[in-house]
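> As they're listed, the protein sequences go chains G, Y and V.
Anchor point for the first sequence: position 46 equals 46 in the numbering used here, and the numbering is continuous, going up by one each time.
Anchor point for the second sequence: position 43 equals 43 in the numbering used here, and the numbering is continuous, going up by one each time.
Anchor point for the third sequence: position 48 equals 48 in the numbering used here, and the numbering is continuous, going up by one each time.
Hints listed in this document are in silico derivations from the structure and should not be mistaken for laboratory results.
You can trust all of the hints, since none of them are fake.
For each label pair, taking beta carbons as the anchor points, the in silico distance ranges come out as:
#	chain 1	residue 1	chain 2	residue 2	range
1	V	313	Y	43	57 to 67 angstroms
2	V	152	Y	380	20 to 30 angstroms
3	V	220	Y	427	54 to 64 angstroms
4	V	163	Y	388	37 to 47 angstroms
Predicted model only: the values in this text are computed from it and were never measured.
C-beta: ideal position from N, C-alpha, C; glycine also.
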Amino acid sequence: MVKIKKNIAVSDTGFLFNPMTGDSFSVNPIGQEIIRAFQEEKGEEEILEEILEAYRVDRSTAEKDLLDFKKMLAHYKLID
Amino acid sequence: MKEKEMEKKSYERPVIKPLNSGLMNKFGTRTEYTPVTHIDGVSVKSLIEEYGSPLFVFSERKIRENIRDAKRIFETRYPKVQFAWSYKTNYLNAICRTFHQEGSWAEVVSIFEYHKAVSNGVPPEKILFNGPDKTDEDLRISVKNDSLIHIDHLDELYRLIEIAGEMHKKPRVAIRVNMDTGVYPIWDRFGFNYENGQAWDAINKIMAGDKLNLIGLHCHIGTYMLTPSAYGIAASKMADLALGIKRRYKKNISYIDIGGGFASKNTLKGSYQLGTDAVPDISEYAEQIAGSLLNAGFDTDELPYLYLETGRALIDDAGFLLGTVISNKRLSDGRRSTIMDFGVNILFTAFWYDHKVSPAQEFSRFTEDTVLYGPLCMNIDVIRENVTLPPLNAGDHVVVHFVGAYNITQSMQFIALRPNVVMIDLKGESHIIRKAETMDDVERNERIPAHLENFKL
Amino acid sequence: MSKASYTIAVTGLNAIDSPGPGLAVIRALREASSFDVRIIGLSYEALEPGIYMHELVDKSYQVPYPGAGQEVLFERLKYINAVENLDFIYPNFDAELFNYIALSGRLKKELNIRTALPDQEQFEARHKSRLFEFGSEHGIKVPFARPVYSAGEIPAVAAGMGFPLVVKGKFYDARVAYTVEQAMQHFNKISAEWGLPVLLQEFLHGSEVNVCGAGNGKGDTLGAVPMRKLYITDKGKAWAGVTLDDEKLLEITAKLVSATQWNGPFELEFMKTREDEYYLIEINPRFPAWCYLAVGAGQNQPEALVNLAMGREVSPFGSYEVGKMFIRYSYDMIVDIKEFEQISTVGEL
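Bound-form chain G, shown alone (with noise of 0.2 angstroms):
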């Protein structure tokens, strides 16, 4: 399970701070979403079918995809 860090927040206009590091990030809007998913703790299988669902696009991009940003996530140190 993705656990996004504690007092994360991210704005509508897609400004993440991340109050620890003091670093500041932008995000598009379905990476806001997803963040807002893991915050909400749903699992990564239910984000991707949330996608599927909203968006037109192939199952095996849109997991790639999430992979990717899952990783962006990570190598930013914004999950736990």
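For this one, chain G is given, so just place chains Y and V on it according to the hints.
Okay, now just chains Y and V, sitting in the frame of chain G:
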């Protein structure tokens, strides 16, 4: 089912990027994400569907516009102007013939290009033959055909004098002159130097021998010249030589060939400004050249013709390379890299330009810094070291701009076969002007020694 | 008659250790006696301090980097103008001037925004790589310099010049080299950041004196104030300086302005040798970061140029106070991250 698909939102890859909290990075971010979906009204998608990807596309409309503009610009400033198409810049026959239809002669730098011009139907006496490598046989052919031979060095001069003697013909020649125009480094490897007197040595040799008919002076001061004033200096020095010849030998020089070297709107690597902003307009070059020639002191009825061998500036923006994303990859430092289906084997100019790359479909405002790689399994295969693009998915198309000059002629058959080249005509119809290479094209000239024919693995 | 009120956009809000001139220009405009102003800050980075100095800057907008090209810049200015109705723009970065000069005609015609900038020809002629030629044309001493395009050219050029020599970037940066190897190192560093060519320049011993001034485009100097740096930071920027009584320097300045018909602000950098000869090192076609010293000494040059552009009568400043000093200081502002978010994501604050 279909309807339901349509209700869904269009997909974009999730992106997170750190906000740059450093201070002004002087190179800045070049956002190039205005999508380019059509070329001359023909959709990128349909072109790729029909001809495959990658694909070179030339716009006939743009080529004709370019040469007509350039002619108008020079002709409104100077009364006697003749353009000659620089074959080495792009010698696809369809391209050359477009220029010839617009009245351009041919400028060639090898016997291979010479024969190409002849078979395209250019009258040999309208071919300017440049370059340091002309064999005796090459010289004989050009003498026989009465082409304009531009002499590069003393060995060539002496050989040509001999050949003229043998053939009992007086070839029409020019000498190539190099000089200091205030732009460095000086291009002094070709031709005879103006400042140190070599040019006069060559002129005196020609005039004393009376075997050659010296009718022109040629120079080519550099490539991708951003300083129009250098052309003003070059034109005055050439005019000075021509007037000197008139004084000393009572001979009128009938043309001054100022060569090429005008910059295209491409962005050179290491340049701070975009090429579209920094590069001088052709009119600025014309202003300098015409100004120098008109003020040099020629009698009005003895003004020499101005020959121009402009290549790059007339064709670069008429050529596009369409390509497709193969895959996206995350590098170990977190940077995004995108692998395209075209590499430096066909986009040779990627070594010295930051080519503008546009996505060929609509996107949101989110962008990511990306390295663009070609498909070759070679570390040198980099299209752009850093470009800001919207998230591209595998299968998406891009358009690379300003690829018309030197890519067709310098591309190599390396690792993969070279793609189709098409031209979009004035009515928006597309035509193949060079078919994609086949295995047979590549292997046709190969021979296998008998003892290597068979093996067992 | 009521006082005019202008909306003026200013760039260079980076009042950091190597400061841009924006805030000094803004202070001058705020103190203008002939008009009231609303100041619009134009910023490239979310951390330029001026964005957060609301008592000096009424509203800030992010603008695209110069490298993004003129069209993109013009589109952004068009948008800002639609909201703010700008009267005038003061660009203050060397790297952006080329674009603003190229756009100045369209800004005036299409958006009715005025500028005070040299024309393209004046701008090109003062380029570091052409300064030597420029000086000899106008009878002003300039240290010998040569542009180089590759590190391979350095040994030959250096041999003719001798060591030490100065390696300079196209827009910024200058480093002294004592050996060929050092010169090559500097070349690599500077060319990577600022592009080509890189300039090799003869090294002169002496003290640096600078002039902050403005020309009216007809050959007249509207104002000119000479200054000597008293204290220099490790980046070579003045930390303190004093106005000078230097007739000869003012004479050279007047000669240069008249010869070039200079239009707009300028900073001249001279090296004064021990033999009291003045060598022109650089012409910056904008106000220097220390231009508020000129205001303090009695010449509000930024105000004068706005008035001139607005078509008002402007007569040259007669004098300035000698012995006025500026001493720069740094200052920590306290800012809420909400403001940083605002400028970073929306591009306006």
